[in-house]
Every structure is written in C-alpha cells, then in structure tokens.
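Protein chains: 2
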Amino acid sequence: MKIKYELIKNDKDSKARLGKLHTNYGVYDTPMFMPVGTLANVKTLTPEELHAMNSAVILSNTYHLWLRPGEDVVDHAGGLHKFMNYDGPILTDSGGFQVFSLAKPKDISEEGVSFKSHLDGRKLFLTPELSIQIQNKLDSDIAMSFDECIPYPASYEYAKASTDRTLRWARRGKEVFNNERQSLFGIVQGGEYQDLREYSAKETVKIGFDGYSIGGTSVGEDKVTMYKMIDDGIRYLPLDKPRYLMGVGDPIDILEGVIRGIDMFDCVLPTRIARHGNAFTKYGKMNIKNNKYKEDFTPIEEGCDCYTCKNFSKAYVRHLIVSNEMLGGRLLSIHNIRFLIREMEEIREAIKNDNLLNYKEEFIKNYTSNKHREK
Amino acid sequence: MKIKYELIKNDKDSKARLGKLHTNYGVYDTPMFMPVGTLANVKTLTPEELHAMNSAVILSNTYHLWLRPGEDVVDHAGGLHKFMNYDGPILTDSGGFQVFSLAKPKDISEEGVSFKSHLDGRKLFLTPELSIQIQNKLDSDIAMSFDECIPYPASYEYAKASTDRTLRWARRGKEVFNNERQSLFGIVQGGEYQDLREYSAKETVKIGFDGYSIGGTSVGEDKVTMYKMIDDGIRYLPLDKPRYLMGVGDPIDILEGVIRGIDMFDCVLPTRIARHGNAFTKYGKMNIKNNKYKEDFTPIEEGCDCYTCKNFSKAYVRHLIVSNEMLGGRLLSIHNIRFLIREMEEIREAIKNDNLLNYKEEFIKNYTSNKHREK
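If you're matching them up, the sequences are chains S and U in order. The opening residue of the first sequence carries number 1 in our numbering; numbering runs sequentially from there. The opening residue of the second sequence carries number 1 in our numbering; numbering runs sequentially from there.
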C-alpha cells in the first residue's frame with residue numbers, strides 16, 4: 001500500500017507536528033530518525049538490534065545497491081526486505097546525491113548523468129527512469145525521485161535551470177513508476193534562492209507525490225542558510241503528506257528541522273562517527289579514545305537505555321576502539337543510533353506536552369556545553 | 001574456586017572421554033571448543049551472541065591484553081569478566097606462543113624472553129613470573145604456565161634444553177601464582193621427540209597443576225606427527241584432570257584430538273576464516289565469495305541452527321563480504337563458531353551412544369568430499 005500520513009497534533013509554539021506514518025510494516029510515530037543502511041545493512045548491525053533500538057524506517061542507497069549486488073539480485077531475492085531480512089519499512093534514495101558527488105557539471109544532461117563508478121572507474125549513466133526502475137525492483141516502501149542536488153553556492157541561473165530540470169526528471173520518473181506497494185516522494189530543490197524554493201515546492205506538489213523531501217541542504221552552507229532553505233520550501237507543502245529532510249542527522253539540526261515542520265530525518269552520522277570512536281551524549285560529542293576514559297568504568301552516558309550503556313563501560317569501548325576491534329564500532333553505533341531515536345521520542349513527548357521550545361532550549365544548552373571537550 | 005574435572009564416561013573404542021568441567025561460572029560438558037577472544041572480545045561478537053551459540057569457556061590472550069589495555073586497567077575494572085561483561089569461564093594463555101612468533105632464539109634466556117612489541121617495536125621482556133602475575137590480575141578462571149613453543153623441526157639438543165627450561169619456568173610460575181579463584185595449567189612440550197614428550201609430561205605432572213595442556217603442535221608439522229605428539233604426551237597425564245590441546249580448531253583435528261583423550265580445544269580459525277569469507281560446513285569449507293552464490297537464496301548450511309543460517313541467505317552474506325561490510329564477517333563468525341560448538345555436541349552425543357568412531361568416519365567422509373570446491 002502507499003504510505004499515509006496521519007496528523008495527530010500541531011505544536012502550539014512552532015510548525016512542529018506530531019503524526020503517524022502508516023506503512024506496509026505497521027504504523028510509526030513522527031517526527032522520526034531513520035538510520036542509514038547503505039548496502040542493505042546498517043553498518044555492523046542486525047535487524048534485531050535495530051528493532052531493539054526502536055528503529056522504524058531505515059534508509060538504503062539505490063546507487064550502492066545498483067552497483068552491488070545489483071537490483072536484479074535483490075529482485076530475485078524477493079525484494080530488499082527479504083534480501084536483508086528486515087521486517088520494517090525501508091526508504092531508498094534516488095542515487096542523485098551519490099552521483100553528484102562523483103559527476104562534474106558537464107556530465108549532467110537533460111537525459112541523465114554520466115559518471116564513473118567509485119568502485120572500478122567504469123562509466124555509468126543514470127537517468128530518472130532508471131533510478132525509479134531500480135527502486136521499483138528493490139521494492140522499498142518509499143522511493144525518491146531522481147534529482148540534482150545543487151551545489152552551494154550556485155548562481156541563480158544555474159539553480160533555476162537545475163530546478164527546472166529536476167522538475168522534468170520528477171515527471172519522467174513518476175511516468176515510469178510501477179510498484180503498487182511502493183510510495184514515491186518528490187524532492188524540493190531551488191538552491192539557496194527563496195523564490196526558486198517556492199517555485200520548486202509548488203511545481204513538485206502539482207506533479208503530486210505521496211510525500212515530499214527537502215533537498216539541497218548540508219552541502220556546505222551555514223546553519224542560518226540551511227534553516228532558511230527548509231522554511232522557504234516547506235511552507236508550500238501539503239499538510240496531509242510527510243516531509244523528509246534528506247541527509248540531516250546532527251542532533252541540533254534535527255530539532256531545528258522539527259520546529260520547521262519536518263517529519264523524517266536520515267543521516268550516516270551516528271554510524272560514521274561511531275567507527276571513528278565518537279559518541280553522541282546529552283552534553284555533546286564524546287571522543288572515547290581520549291586518555292581520560294582509560295579507567296572510566298561508567299557507561300558512555302549515565303541513564304542511557306541502549307544495549308551498550310547497559311552492559312559496557314567507557315574504558316571497555318575505548319579499549320576496543322583503540323585496538324581496532326570491530327565490536328567497538330558496533331557498540332558505539334548502537335549507542336549513537338539509539339541516542340537519535342530517543343531524541344525523537346523526547347521531541348514527540350515534548351510536542352504532546354506543549355513543551356517543545358523549552359525542551360529545545362534545554363537540549364541545546366546541554367549539548368553545546370562541551371563537557372567532554374579534551375583538556 | 002579451582003576448576004574440577006569430573007569424568008562421566010570413557011569411550012569404549014578410543015581414548016575419548018565424556019566429562020564435566022566445574023568452574024566459577026557453572027558446569028560445562030567436555031570435550032569442548034573454546035572460541036578465542038584475543039583482545040577481551042571474540043572478534044565482532046557480544047557475550048549474548050556467544051551464549052546463544054552455547055559457548056562455554058572462551059580464551060583471551062595475555063600478551064595482547066598486557067599491551068592493550070594493560071593488566072592494571074583490567075584489574076581496576078574488577079577483572080576480565082567485568083571488563084568485557086562475560087559471565088562465563090575465561091581461559092588465558094601465557095603469552096608464550098605470541099612471544100615466540102616475535103622473538104628470535106637468541107632472545108630467549110633462562111630469565112625470560114626479550115622481543116619487540118608488534119604494535120610499536122618497543123623492547124619488552126616477559127618472564128614466567130610476569131606472565132603469571134599478569135594473568136593473576138586479569139583474573140581469568142584458568143591460567144597457563146609460561147612455556148616455549150619449540151619450533152618444528154628442532155634438533156634433539158635444542159628440544160631437550162628448551163623442555164627443561166619450560167619445566168623450570170613452570171616451577172617459577174607456580175611459585176609466584178597467587179589467585180584463589182584461578183586455576184593453573186602446566187604445558188607439555190618436548191618437540192617431536194617421543195622420549196622428551198614422555199619426560200615433559202611426567203615432570204610437569206610432578207610439579208602438579210589443575211589441568212594439563214599439550215603444546216608445540218600446529219607449528220608446521222604434518223598431521224601424522226601432530227597426532228603422534230599428542231599421543232606421546234597425553235598417556236602420562238592424570239585421568240582426573242582436564243587436557244587441553246592448544247591452538248587446534250580444524251574440524252578434523254578436533255576429532256583426532258578427542259579420540260586421543262583431549263577435553264578442550266581453542267582456535268582463531270572460525271573467526272579468522274570468517275573475516276575472509278569462508279564458512280565451515282558439513283561438506284567442507286565454503287568460500288562465500290564464489291560467484292555461484294550470487295543468487296543462492298538458501299542458508300549457508302541447510303538445517304544449521306545458528307542465527308545466521310536461520311535468518312540470512314548465502315547471497316546476502318556474500319554481498320556483505322564482497323562489499324567489505326563488517327556485518328558479513330560477524331554473521332560468518334557466528335556460523336563458524338556455532339559449527340565447531342555443534343560438532344562438539346555431536347561428538348559428546350556419539351560418545352554417549354558408543355558411536356564415536358562411526359561418527360568420526362562419517363564426518364571426515366563428508367567434510368573431505370569437497371562439495372563446495374570451485375568449478
């Protein structure tokens with residue numbers, strides 16, 4: 001079935017909203033954070049571990065799965081859920097973001113994008129139709145339109161031309177879309193320009209999608225610009241569809257997104273920083289490799305309900321990370337994903353209790369206190 | 001408490017024996033396989049996963065823990081069990097084997113062994129006393145005497161001198177040993193020489209230990225020699241103490257060890273081959289990277305009761321391994337360890353049913369059938 005967004009409550013002090021996402025795999029509360037499982041697995045983790053963290057939707061990357069193992073392998077397995085044995089909703093991106101980090105502007109034509117494989121350098125060509133066809137075969141629950149992520153900064157002319165092309169690509173993708181149980185999201189672009197964001201949002205809504213993504217942020221712009229880019233697009237999106245801010249997972253950015261009306265977030269941050277020995281905590285990021293944790297036998301975060309904090313000490317996780325033991329990255333990934341999922345739980349609770357702005361202020365005060373900064 | 005070995009049954013057709021090991025953490029059946037957790041973790045796995053595989057004793061490496069995180073850190077954590085949160089028995093080796101793979105013969109003196117750290121090249125000096133003191137602090141359940149693992153081949157003169165020194169080292173270690181709840185094993189050496197093996201076994205037993213290890217195998221000798229080295233030492237060991245064949249985990253070698261009277265085995269093989277994409281199966285080793293498994297959506301081994309086989313396909317595990325996703329090595333580690341632990345369960349059942357030699361014949365016939373060999 002197509003996903004349905006059910007609005008439960010509008011926040012009284014902001015554009016934040018409490019909702020429910022009805023999916024093929026059950027009903028999940030929004031706002032939500034979606035862990036990233038690029039290659040059909042959230043790095044180092046099993047489906048059971050994701051469920052134990054109260055994870056809902058996870059994200060997988062079309063570009064990466066196209067290359068390995070190939071969409072036909074996934075299709076023959078019975079789709080991504082069966083392939084990776086995940087019985088929860090899966091969202092796939094369009095491949096656009098990965099492609100544009102590999103392609104040069106001259107490689108982008110009306111037809112699609114030519115670029116070189118990051119694995120073996122062979123030439124590849126991705127089109128809006130192919131992106132959708134791959135995603136149809138992957139059989140995720142939510143697919144994304146193929147778009148261009150506009151660089152920052154970009155000239156008005158470039159941004160305008162790109163935004164128009166992304167709209168044409170969105171129509172072409174929708175045209176060939178063919179999967180009854182999959183939903184399709186359109187993506188708002190427009191670069192840093194207010195009128196282009198308005199134009200992109202309105203025209204994307206005219207095409208008509210099951211949900212809407214905010215694209216083009218987290219590409220080097222400052223925070224003020226980023227938050228304005230969200231505002232400039234989201235105000236024209238329909239209230240009865242979910243809104244997804246792509247690639248944003250910084251704990252503070254999530255809060256800023258929520259108060260602007262975002263329902264869904266994803267980011268590789270929690271697993272990527274984990275593999276480098278960093279942990280999210282209430283009081284900011286903690287580098288577990290720091291020598292001061294060598295004999296610290298308390299959990300990474302007192303009171304944290306994650307598997308890692310309930311069972312292991314900073315000293316132990318530090319030892320594993322310092323010794324390049326993979327279990328270290330796994331334990332920190334569990335902690336970091338659970339941290340963001342719990343932040344979402346707290347955010348939803350705060351909206352329920354008409355307390356979101358207080359929660360936000362307190363959260364940011366603690367998070368930016370730099371309690372863990374190295375001396 | 002010191003471990004106690006309880007003999008349950010002698011096999012009617014071989015020297016195999018069914019027994020129970022009474023430990024600080026419960027009673028476990030022998031013969032048993034012990035997974036290796038070099039750096040205070042069985043690579044990629046949690047304690048819960050080890051329990052789920054029906055793992056009993058695990059092994060950790062004194063040399064590695066001495067270097068990282070250091071025995072004092074483990075001591076201050078409350079010992080190895082608390083440090084790594086493992087509530088099962090732990091055996092530590094003496095560091096001897098690791099030292100000798102790093103040291104040259106001229107670096108071995110009566111006092112101890114000088115060698116360079118494999119991490120940063122700094123000079124280290126390990127003595128029998130220090131090895132025991134480190135293990136006392138690690139607070140494992142079973143500690144090993146510091147020994148020299150004699151190279152193969154070695155001259156009679158070298159083997160004799162080394163065996164005598166290992167005996168003196170065993171006495172020195174026992175002298176300083178100081179941990180009420182820890183047991184100490186002596187190690188039988190003697191190289192490839194029957195009379196030296198007899199001498200080493202008898203003299204080690206005279207010193208008196210809670211259990212006895214067979215050392216010096218798996219250092220390049222052929223299988224016939226290896227099995228003879230076991231026979232030549234084990235016949236002089238007391239029947240009321242456990243016998244441990246160090247570093248042996250090949251599925252067939254385990255069977256050959258069991259029929260010679262071995263109770264305990266350990267090896268890095270199941271986790272090491274896992275990280276390179278290899279799986280133990282009834283019909284021999286399987287290289288999951290083989291292209292023929294690309295769309296094989298059946299489990300690694302039909303009927304296997306491990307988490308991996310119950311939840312994932314060859315095609316999925318292959319995809320993870322080929323894509324360098326750490327979950328792949330984790331899933332194969334689970335399968336491979338469970339394979340060896342199940343082999344031990346079947347061996348014990350076969351002894352119970354007076355069927356061990358038939359079981360062995362059938363097992364070897366299947367395992368050497370090379371069903372999975374690449375075409």
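Simulated from the structure, these hints should not be mistaken for laboratory data. Please note: incorrect hints may appear among the correct ones.
Each pair may be met inside one copy or between any two copies, as identical chains are not told apart.
Unchecked claim - Each computed DSBU-like pair below joins lysine-lysine, with the alpha-carbon atoms no more than 35 Å apart: (1) K160 x K2; (2) K82 x K12; (3) K43 x K82; (4) K174 x K294; (5) K365 x K116; (6) K310 x K160; (7) K9 x K116; (8) K116 x K282; (9) K20 x K310; (10) K282 x K365.
Going through the hints against the structure:
1. Taking CA atoms no more than 35 Å apart as the test, K160 paired with K2 passes inside one copy only; the shortest distance there is 31 Å, against 78 Å between copies.
2. In this homomeric assembly, K82 and K12 never come within 35 Å of each other (Cα to Cα): the closest approach is 42 Å inside a single copy and 48 Å across copies.
3. Proximity of K43 and K82 under a CA criterion of 35 Å is satisfied in both settings, with 18 Å inside one chain copy and 27 Å between copies.
4. Within a single copy, K174 and K294 get their C-alpha atoms only as close as 55 Å, which misses the 35 Å cut-off; across copies the closest is 31 Å, which meets it.
5. For the homomeric pair K365 and K116, neither the shortest alpha-carbon distance inside one copy (44 Å) nor that between copies (49 Å) is at most 35 Å.
6. When the C-alpha separation of K310 and K160 is checked against a cutoff of 35 Å, the pair qualifies neither within a copy, at 51 Å, nor between copies, at 52 Å.
7. Taking identical chains as interchangeable, the C-alpha atoms of K9 and K116 are never at most 35 Å apart, the minima being 46 Å within one chain and 66 Å between chains.
8. Proximity of K116 and K282 under a CA criterion of 35 Å is satisfied in neither setting, with 41 Å inside one chain copy and 42 Å between copies.
9. In this assembly of identical chains, the alpha carbons of K20 and K310 lie at most 35 Å apart whether taken from the same copy (30 Å) or from different copies (32 Å).
10. For a Cα distance limit of 35 Å, the shortest separation of K282 from K365 inside one copy, 10 Å, qualifies, whereas the shortest one across copies, 59 Å, does not.
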